[in-house]
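Line by line, the protein sequences give chains Z and S. Going by full-length UniProt numbering, the first sequence opens with residue 1, and the numbers climb by one from there. Going by full-length UniProt numbering, the second sequence opens with residue 1, and the numbers climb by one from there.
No lab work stands behind these hints, which were simulated from the structure alone. Watch out, some of these pointers could steer you wrong.
Unchecked claim - Pairs of lysine-lysine residues, derived as PhoX-like cross-links and limited to a Cα-Cα distance of at most 20 Å, are as follows:
1) S:477 x Z:157
2) S:492 x Z:29
3) Z:59 x S:492
4) S:477 x Z:29
Residues per chain are reported as follows:
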Amino acid sequence: MNIRNATPADLMNMQDCNLQCLPENYQMKYYLYHGLSWPQLSFVAENLDGEIVGYVLAKMEEDPEDQPHGHITSLAVKRNYRRLGIAQKLMDQASRAMVESFHARYVSLHVRVSNRAALQLYKKTLGFRISETEPKYYADGEDAYAMKRMLREFWDKFGPKGVDFDVKPAKAKAVEP
Amino acid sequence: MKGLILSYMGKKDEAWELVKRGLKNNLKSWHVFGLLQRAERKYDEAMKAYKCALRFESDNMQILRDLSLLQVQMRILDGYRDTRYQLLLLRPQQKASWIGYAMSFHLLGDYDGTLAILKEYCKTQKPSSQYDYEHSELLLYMVSVMLEAGQQQAALDFLNEHDANIMDRTYTKEVRARLCSELGRLSESETVMRELISVNPENRAYYAQLEELLKPSGPVERMAIYADLRKTHPRAAMPRRLPLDFLTGDEFVKELDNYLRQSFHKGVPQLFRLVEGLYDQPGKADVALRLVEGYRSSLADCGRFGESDPASSAEPPSTLVWVWYYLAQHYSKLGRPAEALRVIDLAIEHTPTLTELYSLKGQIYKDAGDMSCEYLKEAQSLDTADRYVNSVCARYLIQAGRMEEAEQFLGRFTREGTIAGEHLADMQCMWYLTECAASYKRLGQYGQALKKCHEVERHFNEMVEDQFDFHSYCLRKMTLRAYVSMLRLEDKLKAHPYYFTAARLAIDTYLMLHRRPLDALADDSERQKAEQEQAARLAARKAHNKEHDADSDANAFKEEALDPEKLARTDKPLDQAVTFLRPLLNLCPDSVEAQCLGFDVYRARQRPLLMLRCLLKAKSIDASHPWLHACLVRFLAMTADQQGAMAAMEPPVRALIVQHLPSLFGSASVAPKAFNDAFLAKSAGNFVNTCWGLRLKYELEGSTSQSACLAALTAALSAGSAAGIERQLEACSNAYIELRSGDLFGTVDADNLNRLRTQLHDLFPYAREFFSPTDAAAAAAAVVKIQPQVLNGETSNNGDE
Numbered sequence: 001m002n003i004r005n006a007t008p009a010d011l012m013n014m015q016d017c018n019l020q021c022l023p024e025n026y027q028m029k030y031y032l033y034h035g036l037s038w039p040q041l042s043f044v045a046e047n048l049d050g051e052i053v054g055y056v057l058a059k060m061e062e063d064p065e066d067q068p069h070g071h072i073t074s075l076a077v078k079r080n081y082r083r084l085g086i087a088q089k090l091m092d093q094a095s096r097a098m099v100e101s102f103h104a105r106y107v108s109l110h111v112r113v114s115n116r117a118a119l120q121l122y123k124k125t126l127g128f129r130i131s132e133t134e135p136k137y138y139a140d141g142e143d144a145y146a147m148k149r150m151l152r153e154f155w156d157k158f159g160p161k162g163v164d165f166d167v168k169p170a171k172a173k174a175v176e177p
Numbered sequence: 001m002k003g004l005i006l007s008y009m010g011k012k013d014e015a016w017e018l019v020k021r022g023l024k025n026n027l028k029s030w031h032v033f034g035l036l037q038r039a040e041r042k043y044d045e046a047m048k049a050y051k052c053a054l055r056f057e058s059d060n061m062q063i064l065r066d067l068s069l070l071q072v073q074m075r076i077l078d079g080y081r082d083t084r085y086q087l088l089l090l091r092p093q094q095k096a097s098w099i100g101y102a103m104s105f106h107l108l109g110d111y112d113g114t115l116a117i118l119k120e121y122c123k124t125q126k127p128s129s130q131y132d133y134e135h136s137e138l139l140l141y142m143v144s145v146m147l148e149a150g151q152q153q154a155a156l157d158f159l160n161e162h163d164a165n166i167m168d169r170t171y172t173k174e175v176r177a178r179l180c181s182e183l184g185r186l187s188e189s190e191t192v193m194r195e196l197i198s199v200n201p202e203n204r205a206y207y208a209q210l211e212e213l214l215k216p217s218g219p220v221e222r223m224a225i226y227a228d229l230r231k232t233h234p235r236a237a238m239p240r241r242l243p244l245d246f247l248t249g250d251e252f253v254k255e256l257d258n259y260l261r262q263s264f265h266k267g268v269p270q271l272f273r274l275v276e277g278l279y280d281q282p283g284k285a286d287v288a289l290r291l292v293e294g295y296r297s298s299l300a301d302c303g304r305f306g307e308s309d310p311a312s313s314a315e316p317p318s319t320l321v322w323v324w325y326y327l328a329q330h331y332s333k334l335g336r337p338a339e340a341l342r343v344i345d346l347a348i349e350h351t352p353t354l355t356e357l358y359s360l361k362g363q364i365y366k367d368a369g370d371m372s373c374e375y376l377k378e379a380q381s382l383d384t385a386d387r388y389v390n391s392v393c394a395r396y397l398i399q400a401g402r403m404e405e406a407e408q409f410l411g412r413f414t415r416e417g418t419i420a421g422e423h424l425a426d427m428q429c430m431w432y433l434t435e436c437a438a439s440y441k442r443l444g445q446y447g448q449a450l451k452k453c454h455e456v457e458r459h460f461n462e463m464v465e466d467q468f469d470f471h472s473y474c475l476r477k478m479t480l481r482a483y484v485s486m487l488r489l490e491d492k493l494k495a496h497p498y499y500f501t502a503a504r505l506a507i508d509t510y511l512m513l514h515r516r517p518l519d520a521l522a523d524d525s526e527r528q529k530a531e532q533e534q535a536a537r538l539a540a541r542k543a544h545n546k547e548h549d550a551d552s553d554a555n556a557f558k559e560e561a562l563d564p565e566k567l568a569r570t571d572k573p574l575d576q577a578v579t580f581l582r583p584l585l586n587l588c589p590d591s592v593e594a595q596c597l598g599f600d601v602y603r604a605r606q607r608p609l610l611m612l613r614c615l616l617k618a619k620s621i622d623a624s625h626p627w628l629h630a631c632l633v634r635f636l637a638m639t640a641d642q643q644g645a646m647a648a649m650e651p652p653v654r655a656l657i658v659q660h661l662p663s664l665f666g667s668a669s670v671a672p673k674a675f676n677d678a679f680l681a682k683s684a685g686n687f688v689n690t691c692w693g694l695r696l697k698y699e700l701e702g703s704t705s706q707s708a709c710l711a712a713l714t715a716a717l718s719a720g721s722a723a724g725i726e727r728q729l730e731a732c733s734n735a736y737i738e739l740r741s742g743d744l745f746g747t748v749d750a751d752n753l754n755r756l757r758t759q760l761h762d763l764f765p766y767a768r769e770f771f772s773p774t775d776a777a778a779a780a781a782a783v784v785k786i787q788p789q790v791l792n793g794e795t796s797n798n799g800d801e
């Protein structure tokens, strides 16, 4: 399975994969928005026929409260391509890119409380922690766990030299100019 | 102004009224006029309006900016450059002015101009800190321009000079590796490639580039590279899989054995698909089969991969299930469904809760010609939370022509209160639209098929529209490499396979409707049904809109709703066909099918020169393609018609045609029949080509040749059973369907049809297309019995592990 950075040419096929795999879907323009705002962050998994069998659509939080952090908008792997570690590989590449290009300190995502398989991946394999529950987050009314993964190990390997991982808390808000 | 506001509130007619009045009274309203035109996508009109406005206010930033956006959207690049220059003169202190101006040079291919402007701009800039993403992106954009310009040394120097400010290390490494390689600094390039592999060991391109650098002399040296990489990256999948492509003999057997054992042990469902590519290489399919059948018997006997393996290496029971799973896929691919089914049934008996097994069983039946879909539905019922299984199930149902059932299944994952199909069309769901189009066409519901094709076309047009906002956005965000990449993609958006599929379906349908227009008054019941469906959709949409979209985008560009009846009864089918055809001819230069489609369309429009152009292009791509042969024969038949078609041509046209005959046919005077007979003779053993040849034979010689054609077809089928015809189900099905409908050899009598059907049934015992009427009825009844259980029963076995 070929894992590589997503280009604008991949966005339509990512949309196709998303429509086949997940009930949360987006218009093409939203994919363009991701690809043209944070081009380094989205990745695809491609089989030998060039079919997109998995993808991660990622961004940086537009208005971070404290530290810069990334966010996973959408992640999916076609069901019959499991057991190949694709989701983990996609997530690790996205996290690395968030640290490298945007100095992210952590990455967040939302997951349905009933999605046991995804929870297993995020908690056990990738080291995410639940930070809170957001009631009725999904369109069908289901609750979501908001999860968070600190990117310390990525920072040590790929982060900028001479920049502190721990961001000092902001002092009293400066007066707007 | 009032008009502009009204237009955004959706009151278009009032808006236009006011604006036109405004124009009479105040010539400055041209800008507003332009904005309204642009909102209705009348770009030429909008541009004229802006230019008018500029005559009165040549320094109005807003108008200039709006004009520049239109110019780049429509790729009027000279104009774009000129407008951006004016913007720069007016606001030299704004970053976007400089970047936009530089970009306009890049789009015109003037790399030196681009770089000069940007370097000038950079002189005045100090990044706010060492790490400034936007500045980093600008630097990398300049590098990318240098690369395009072939200025490799300059690019490398620039990278080194600005290294401290560049944040995207991965792109930097990729560029550096490429540049060092091109400049002959091979060991430096190798170091960087290996670093890249460490960052992402699953990127196939990195390995290809590494091999190019190291230039191994043969499989042994190649294998050494990968053995080495496996040590440094023990958990990476790519270095374990790639050697299977180039190894042969005992080395190959050993490697494949290891690879398969590891994967079976882990339980990788897609193992067959990962290995399938090797089957094209001689002998490798047999090696795989031998190994896997070996595991199967050994696992069944003693629970280990090999009899001689140590007792401690006992495999869990699931391993055997995956071995069976692999074998079932293997046999199905080789056209041996009976064996495939035997094996998958063993697996199902062993582990009846595993969803993949039912999906595969359904697929085996489908590939063998049985679209009853029971097993896909069963698979879906085992994992109701998974949309992918649902999508596959729905796809099969659509392919089987069971549209309502498909809607039911799809509805389990689409928004409540909407009709599933409508929702998916709104969400630009291409797989759904193209599958439906194909299915409706097969069912003869041409209006519905065309509606889906037009919906695909509209979505592609929508995506071309989408880029508009990004022309200013990307200049601010500085993600310029991605922006240029997006522009180039948009230039050839319709080269995408989905567009090709939809276009081809639309063109074929329009050609059919041109030959046999639908009777305006016929099919009353179908019309009523369609009208009812349309009404139901509109009602559901209204209700949905009331609830959810109170503030829906009233300013959104609204196109006329697509009416299947109108589409199917259009009086200009060929014009419509050409609309779909043009992007294919312009954007798919390596597609012989596009050229053949073009030939068919131009033949219907009686444009001999355009036909000729398509033939010449197609021949240069793939001279042996059977469809091209058909086009050639038909062209030749036209040139042989001296009194009719040839006489109707203008003399210069006729002369040009005659001039090209030798290059197309080998000599200036070939008889169509002889040309086709030669092709038929060459095609012995190739069923698809033989079918084409026989079709043309009938076209040329008429009903007197029917018995000869039928005999030849029968012979081809008999001979084919020795030559791998069991993998040609689709070709056989298509041939049989056309025989039945009279489109292949004219009206064929029942006895002959039945004889061929029986012959096909013997070759493909599972294919329902070839069942006798009694068998077909029995099969349909059997399906009905299973259905209530599967659809109504809630999942009793929810777990899948």
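Cross-check of the supplied hints:
Under the criterion of a C-alpha separation no larger than 20 Å, the hint pairing residue 477 of chain S with residue 157 of chain Z is inconsistent with the structure, at around 27 Å. Between residue 492 of chain S and residue 29 of chain Z the alpha-carbon distance is near 17 Å, which keeps this suggested pair within the 20 Å criterion. For the hint linking residue 59 of chain Z to residue 492 of chain S, the alpha-carbon distance of about 26 Å lies beyond 20 Å, and the restraint is violated. For the suggested pair residue 477 of chain S and residue 29 of chain Z, the alpha carbons sit about 16 Å apart, so the restraint of at most 20 Å is met.
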